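Start from the sequences and build out the full structure, keeping to the hints where you can.
Protein chains in written order, with the UniProt record's numbering: chain A, 1 to 378; chain B, 1 to 173.
FYI, nobody ran anything at the bench for these hints, they're computed from the structure. Predicted, not measured: the structure shown is a model, and the values here were computed from it.
Here are the computed distance ranges between Cβ atoms for each label pair:
no., chain 1, residue 1, chain 2, residue 2, range
1, A, 124, B, 127, 46 to 54 Å
2, A, 150, B, 96, 45 to 53 Å
3, B, 168, A, 184, 54 to 62 Å
4, A, 323, B, 164, 40 to 48 Å
5, A, 297, B, 127, 49 to 57 Å
6, B, 163, A, 204, 46 to 54 Å
Where a beta carbon is used, it is the ideal one built from N, C-alpha and C, also for glycine.
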Amino acid sequence: MNRPDELLRKAVHDLAGTPQLPADLVTHAILGGRRIRRQRRAATALGAMVAVIALATPFIWLHPRSAPSVTAPDPTAAELRVLPPPDDNWRDAPLELPGGWVVTGATSTGGPASDGLVLDRSQNRYVKVDKYEETWAAPRGRFAAVLDHDRPGDVGLLDVPTGKVRWVRTGQLTLNPEWSPDGTRLALTLLDKETGSSSLGVLSVDGSFQTFPVDTSSGWANRGPGQYLCTDYCLFTWMPDGKQVALQQTDPAVPRTESKPHARRGLQLFSADTGKPTRFVPARGDAAGPYSWSPNGRLVVIKGQEATQLVEVDSGRVVRDLPTIDLNSATLVWVAAERLLLISAGHATLLDPTGHPLERRDLPPELTGLRIAVAPSA
Amino acid sequence: MTQRTEREFTAFVNERGTALLRVAYALTGDRHSAEDLLQSALAKTYVSWSRIRGDAEPYVRRILYHDQVSGWRRRARRSEVPVAALPDLATGTDDDHETAVRLLLRDALLRLPPRQRAVLVLRYLEDLSVEQTAELLDCRIGTVASQASRALAKLRQLVPAFDDLVQRTEVHR
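And the structure:
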C-alpha cells in the first residue's frame, strides 16, 4: 500500500473514532422494533382513514406539461369508489385489485428478509415462501424466481405448485430478476467483472440460459464510453411483446452528479432472443417493465430525472409530470387503455390518465414493506 | 417476542454494537446521526430477529449502508455534512505534516456525498474488495470504481497537500 492510501485509511479510521456505545441503545432499539410492529398492524386502519380523506381532497398531483394528448380531466368525474378491504382469509383466493388485476406475489428486497408470498394459480391461493430472501412471482404460469443470499450467482426457479426449486448458475445479478409478461422467461441484468460492463441474461423456465454482452461501460482513460452507455441504475426490463427488453441509456452530454439520478437520453431496445439492438425510444427515463407501456403503445410511464412522467413513445415528449409518485417505492402500471393502477402506501388505486382516482382498495397489512407484484387476473 | 429473543438480541448488541457504531460514525460523521442510524437499523433487525439465519451482523451492516446511502436522492440537499473551510497547512516536521494532512482528510471526508463516503468506508475501514462493496451497495463494480475515483478526486481538490502527496507517489512509480 502506498503512502496516500495509508493516510486515507488512517483518516477513515479517525472518522470512525472509538465511540462509546450508549447504555440505552438496546432498550431504544427494542422499543423501536415494537413500534415498527405496531405500525404494521395499524396499517389497515390507517389505510381506511386515508381513503376517506382522499374522497374529500382535490386531486392535484398530476401536472400537465402542455396540452395533453390523453383524456382531459372530466369536471363531472365520479367520486372515488372505495372497495371493501380484504378480510382475514384473503390468502385463500387471488386478491383482486381495482381494474381487474390481482396480486401475484410479494417479496422483501435485501436483508433482513421477510417471508415472501406467491399466488399458486393451480390452487387459486397464496403460499408462503420462507426459505429464500427474495421471491419474485411471475405474472402468469406456475413459476416464481427465488434468490438465496447464501447462493450468490444462482437464480432458483420455484415450481409453485410442487415447491421444487431448480437452481441455475447465472452469475451475479446487479438488480432484480424481471419476468416476461407471459411468465416464461426472466431477464437478468448481470455484471461482467472483467469490464465492469453489463450482460443481458435470459433464463427460461425450462432452465435454458443465454447471456448477451451489452457494452454499457463508462470507459477508461484509453477508450471512450460503451456504445450503450448506462450509469447509475441500469436494468433490463421487458417490453409488452415479451420479445424485446429495454435498457435505459445515460446522456453522455449531461454532467453526472450523485445528488440526483443520472440524465437519460432514451431507452435502447434489444431482442431477447439474439441480444441485438432493435430500436431506440427517446423516452428520457427508466421504464419499470412491460406494464409501464400503455396498451396502445403510445405512452410510457418512466422514472425521469426529477419526477415520474408520462411520455409519448415516438417523440419522447413529456405529457405529464407525476411529481408525487415515487417509483422507488410505488408501482404504476397500465391496466387498460384509459386506466392506470397505482400500488403505493398500502393501497391499490385505479386512476384515469389525468391521475383522477376512480377506485381504491386497501392492501392487507401483511404486505406492508414488501415489493408487491401485480398482473392481469386471467 | 420471547424473553429468549430479547436476551439474544441484547447479547448481540452488547458484543457487536461498538464495531457497528464505528461504521455508523464513519458514514454519518457525527455522534447523534450515527446513534440514530444504528438504533434504526437495530430496531429493524429486532423485528426480523427470528427470521435471520446465521450471523446477524451482516444484516445490520447491510441496513446501515442502505439506510444511509439508498435514500441519498431524497437526502440530496443535506447530503454533505457542513464543516468549516479547510485551513492551510503550517510548516513543521514530516510527522507533523502527515498528521495535519490526516486531520484535513478526515474533515474533507465529511464533505463527500454519502455514497462516495460509503464506498471509502467499505474499502478502507471494512477492508472489503471492490466486488464485495458492489454487492453490499447493490450496484455495479464500475459504479464502485467511479464513486471511489470521484471521491479521491474531490479529496485531492479539498486537500492540496494530499494532492501533492499523490502526485509525488505517482512520479516515483
